[in-house]
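The hints should help you fit chain B onto chain A, whose structure is shown.
Protein sequence lines correspond, in order, to chains A and B. Residues in the first sequence are numbered consecutively from 1, following full-length UniProt numbering. Residues in the second sequence are numbered consecutively from 1, following full-length UniProt numbering.
Just so you know, these hints were derived from the structure itself, not from any lab. Hints may contain errors.
[To be verified] A few chain B residues that don't get close to chain A, going by computed Cβ distances all over 10 Å:
#, residue
1, G29
2, G58
3, Q128
4, T151
5, V174
[Said to hold, decoys possible] If the Cβ cut is set under 7 Å, some of the chain A residues that face chain B in the computed set are:
#, residue
6, L85
7, T344
8, P369
9, Q417
10, S480
11, Q483
12, A507
13, G508
14, S510
Predicted, not measured: the structure shown is a model, and the values here were computed from it. Ideal Cβ placement from N, Cα and C applies to all residues, glycine included.
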Amino acid sequence: MAFSRAASVVAFAALLAVPVVFDMFTAYQLGLYLIFGMVGQGIALCWGRAGFLPLGQALFFGMGAYIAGAALKSADGNLVLLAPLLVLAIIVPALLAALVGLLVFNRQIGSGPYFSLITLALAMLGFQLANSADTITGGFNGMTGIPGLPGFDSYGNLYFVVVGVLAIVSLGLFWLLKTPFGVLLSATAQNEERLQFFGFSTSALKAAAFGISAGLAGLAGALYAPHQGIVTPQSVGFLLSAEFVIWTAVGGRASIAGPVIGAVVIGFLASELRDTFRYWEAVIGLIFIVTVLKFPQGLIGLAELLKRRLSKADGNTARIRDINAPAREAGGAPALAFEDVRVTMGPVRILDGLDFRINRPGIHAIIGPNGAGKTSAFNAMTGRLPLTSGGISWRSRSLADLKPFQVARTDISRKFQIPSVFPELSVDENLDIALWANRTGVSDLFSMRPLRWRSDLYDTLTERFPFLKDGGGGIAGSLSLGQRQMLDFSMTYLTEARLVLLDEPCAGLSASETGAMIDAIAAINSDLGSTAIIIEHDMRVVERLSDHVFVMHQGRLLAEGDIAAVRANPDVKAVYSGGTK
Amino acid sequence: MTSLLRVDGLAGGYGDVTVVRDVSLRVDGGQAVFLAGRNGVGKSTLVKLIAGQLAATGGTTTLDGRDMTALPQHGRRLHGIGYAPQEGVVFDDLSILDNLTLHYPDRDLNRYGDLFRLFPRIEERLQQMAGTLSGGEKKILSFCRALAEDTPLVILDEPSEGVQPENIDRMARVILDQKARGRAFLVVEQNLTLVEDAADHVYLLDHGECVFETGRSNDLREDLSKRLQI
Numbered sequence: 001m002a003f004s005r006a007a008s009v010v011a012f013a014a015l016l017a018v019p020v021v022f023d024m025f026t027a028y029q030l031g032l033y034l035i036f037g038m039v040g041q042g043i044a045l046c047w048g049r050a051g052f053l054p055l056g057q058a059l060f061f062g063m064g065a066y067i068a069g070a071a072l073k074s075a076d077g078n079l080v081l082l083a084p085l086l087v088l089a090i091i092v093p094a095l096l097a098a099l100v101g102l103l104v105f106n107r108q109i110g111s112g113p114y115f116s117l118i119t120l121a122l123a124m125l126g127f128q129l130a131n132s133a134d135t136i137t138g139g140f141n142g143m144t145g146i147p148g149l150p151g152f153d154s155y156g157n158l159y160f161v162v163v164g165v166l167a168i169v170s171l172g173l174f175w176l177l178k179t180p181f182g183v184l185l186s187a188t189a190q191n192e193e194r195l196q197f198f199g200f201s202t203s204a205l206k207a208a209a210f211g212i213s214a215g216l217a218g219l220a221g222a223l224y225a226p227h228q229g230i231v232t233p234q235s236v237g238f239l240l241s242a243e244f245v246i247w248t249a250v251g252g253r254a255s256i257a258g259p260v261i262g263a264v265v266i267g268f269l270a271s272e273l274r275d276t277f278r279y280w281e282a283v284i285g286l287i288f289i290v291t292v293l294k295f296p297q298g299l300i301g302l303a304e305l306l307k308r309r310l311s312k313a314d315g316n317t318a319r320i321r322d323i324n325a326p327a328r329e330a331g332g333a334p335a336l337a338f339e340d341v342r343v344t345m346g347p348v349r350i351l352d353g354l355d356f357r358i359n360r361p362g363i364h365a366i367i368g369p370n371g372a373g374k375t376s377a378f379n380a381m382t383g384r385l386p387l388t389s390g391g392i393s394w395r396s397r398s399l400a401d402l403k404p405f406q407v408a409r410t411d412i413s414r415k416f417q418i419p420s421v422f423p424e425l426s427v428d429e430n431l432d433i434a435l436w437a438n439r440t441g442v443s444d445l446f447s448m449r450p451l452r453w454r455s456d457l458y459d460t461l462t463e464r465f466p467f468l469k470d471g472g473g474g475i476a477g478s479l480s481l482g483q484r485q486m487l488d489f490s491m492t493y494l495t496e497a498r499l500v501l502l503d504e505p506c507a508g509l510s511a512s513e514t515g516a517m518i519d520a521i522a523a524i525n526s527d528l529g530s531t532a533i534i535i536e537h538d539m540r541v542v543e544r545l546s547d548h549v550f551v552m553h554q555g556r557l558l559a560e561g562d563i564a565a566v567r568a569n570p571d572v573k574a575v576y577s578g579g580t581k
Numbered sequence: 001m002t003s004l005l006r007v008d009g010l011a012g013g014y015g016d017v018t019v020v021r022d023v024s025l026r027v028d029g030g031q032a033v034f035l036a037g038r039n040g041v042g043k044s045t046l047v048k049l050i051a052g053q054l055a056a057t058g059g060t061t062t063l064d065g066r067d068m069t070a071l072p073q074h075g076r077r078l079h080g081i082g083y084a085p086q087e088g089v090v091f092d093d094l095s096i097l098d099n100l101t102l103h104y105p106d107r108d109l110n111r112y113g114d115l116f117r118l119f120p121r122i123e124e125r126l127q128q129m130a131g132t133l134s135g136g137e138k139k140i141l142s143f144c145r146a147l148a149e150d151t152p153l154v155i156l157d158e159p160s161e162g163v164q165p166e167n168i169d170r171m172a173r174v175i176l177d178q179k180a181r182g183r184a185f186l187v188v189e190q191n192l193t194l195v196e197d198a199a200d201h202v203y204l205l206d207h208g209e210c211v212f213e214t215g216r217s218n219d220l221r222e223d224l225s226k227r228l229q230i
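Excised from the complex, chain B in its bound form:
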């Protein structure tokens, strides 16, 4: 079976500094793959390379058999890589409504129906400027926007940061639901509860390299906790 996302020998970083070295991973349709690791090991840099926000210095990224490596971020989005970054997640000076609809010519909010039922505060505050939201609410807004798009792959970088636990549970439910419909997820996450709830496969990174990988198991949380102490 061909994986939806194939990353082979990917390398890159910032200027002269190489942060990610020779990382290979696979994400299949209907699968949620999580990236774990301590801070500073290169998780966010890796997803920036995959999403096209940073240019790779080595390796390849293919989506559904198509080579994405030379494409910029917007090109990859058009081909099906959705991305909710860790920082700078919303347009502060636009309303929540504009944040949700500016990229849809029809400005139709119906595509957010299920998400609004889970996160009603977003719908209640449509006219509010996004910059006045709390950090957790901005993350939820960014999550909703990425999930409502029609990309076969969604990359989420620390979606639960600053989000209250009930809402993290709801995020896990959305991911599980969309996985069941064949959508693929690549998620950077520190919150082991979310990893435990939603991950099919976990890659553990250290010093820019993949040092361990595992599938779902009953002792996943314990196993990762031990390894994250390294």
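Chain A extracted, bound-state conformation:
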């Protein structure tokens, strides 16, 4: 942290010294590349953090440039008129992008490739519009004669404005990525579906990130117009969009400084080579290929390597958690009903008239042979499997047609069969996300306070599973499968949901770890007074935890009752006996 801070201060001091050390023309050139770098910072927010790649960012850059150009021309130096118009250069692209993002991302998880292609198409459309709307944009020749910002000379002190804006944007992004919003963006890239099961609308998160990135592009465009004095359709087109992506990739798509470094390095290199080497574009292409292949984290990745060598490892310092997370409401009595639920996929009947009810808290078990439909019942309940017919309701509310995040917001938490965590986030951040589930408003997402949240249950869980606290700074992906099971289990309960779905929480655990997990489930569920449904093959787990057992076979309920009753049931005996580890 100290290393990064010192490097940032040195970098900005160096930027401010450029006009003195070199000359104003160099500063003018550098200013242009810094403006381009700001667009790259927005791309990095989407691509490096949230995991989706916008391919048409020049659309928003050009839009900001045209709006700013028109504003500067029409305001004629009147700052009162100019200021709100310049704000439009940021807001209009941001709102347009957020709208496009919502429309595309709402479709489904994994819509990234469609999104990239749509943004590409939009940039091409923008280019056509800029070319043809002569009266507004100046058509092919562009919008010319744009005056500079009042009081600033394009070839002089405007450079300092650019550096100042870049510093503010960089600090803003640094802050943003530290907030819960930033953590959730990273989580979206790593395991979007799991994040939805904590009640977060990932499409809204991604649309917001895209909106912010477009706003940054618009801001860069608003600086570009007075800097260049002309805005042409090329400022909106595909070629510049592709260059933005290349600069971001070369500099480092996962960092704040990377895209700026990429734009500056490639910009100056291209400027030098353009006049001296006929095939200069091939050299740039080669640099791009080598960087992507050898340094996927870009040039900034080399700096990171240097930083690791110079500074000692951070270690797993325990996070300070000194603020009580907002208390969850107790909620009413549980009432879950499956009514003649049928799910078919092609010729296969996955659920075939499943019908049961749960009306009291406690732990209920679903057992049955492999393929009986146990996990599918959870899937049907949580928006992962569309119902063919029948209905599922929880507290009198139909769960049919709800998306996973909407199901989670009805106070249902789910643990998957295969432990599902956010592998590149720290254990602490994984636990944070669970603590934030159904507890955060929009303002909390942009506050540092939720990073210090704790709850009594957090203390209980970290006592039971000490690695959650001792290794809180470690990356969740480096945990063993069993530890990931424990982390995932802890995250599922930290939400303090009224209905908890546990799909084989002991899978992959040794006999002794299974014992510890059973104790944890029994104690925590009892403390919270939750209703839990557990899918399990290990009869030791079932016997210990649940007094009511549902037996499924071939997509429907075969029997239910206490453990002794279902064991004595001849139908159950015929298909399933269960066992222990």
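Chain B only, in chain A's frame:
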């Protein structure tokens, strides 16, 4: 007698983190060797190193006298190391039929005859997409695929995870049957019932090292249970 699989001083892990340190083990033809140990001690990492999914940072792996150490995973498979991993076991977007036959030009299902008799649900659902199977069924599918191949050595990483007890018994039967025909197994397993039923030799791992080994005995389960409490 030369062992089919010889692992000497094997070490490796993920990036800068060393998980497995100086592990040596032997697996003979017709033998089932099990790896036991608590979670996080490096069992799965060890089999990934042996199967070639991870590159070793030290030590050697030889199969039937041939050095495998420098070979990638597909090269080791061609030389006879079959591997059913713990995670990502099937192709979710392919049918069960494709999962079972995509690596056989003749697409012949007859090689699965015995396995289909033990696990009929797999044969019943050939046209179903593998992604719609439950976790336990995916494990069975992966088990069938690995067992039907003609590799002299099969590595299975937690084959019983999420599998109903009757099917675990059937897995043990298949392993015993193929052992009798000379096939070798290296199995990571937490389910002591399967270890008890099928293991000829057990290595216990802790902190990436082999800390104990034992052959078959009447008190194997009890012995391992005690040591796994460590």
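Structure-based check of each hint:
1. G29: Label holds. Min Cβ-Cβ 29 Å, cutoff 10 Å.
2. G58: holds, 20 Å
3. Q128: Contrary to the label, Q128/B does not stay out of reach of chain A, its closest Cβ about 5 Å off (not over 10 Å).
4. T151: holds, 24 Å
5. V174: holds, 15 Å
6. L85: Constraint on L85/A not satisfied, violated at 50 Å.
7. T344: Violated. Min distance 11 Å.
8. P369: holds, 5 Å
9. Q417: holds, 4 Å
10. S480: holds, 3 Å
11. Q483: holds, 6 Å
12. A507: Interface hint status for A507/A: holds (5 Å vs cutoff 7 Å).
13. G508: holds, 5 Å
14. S510: holds, 5 Å
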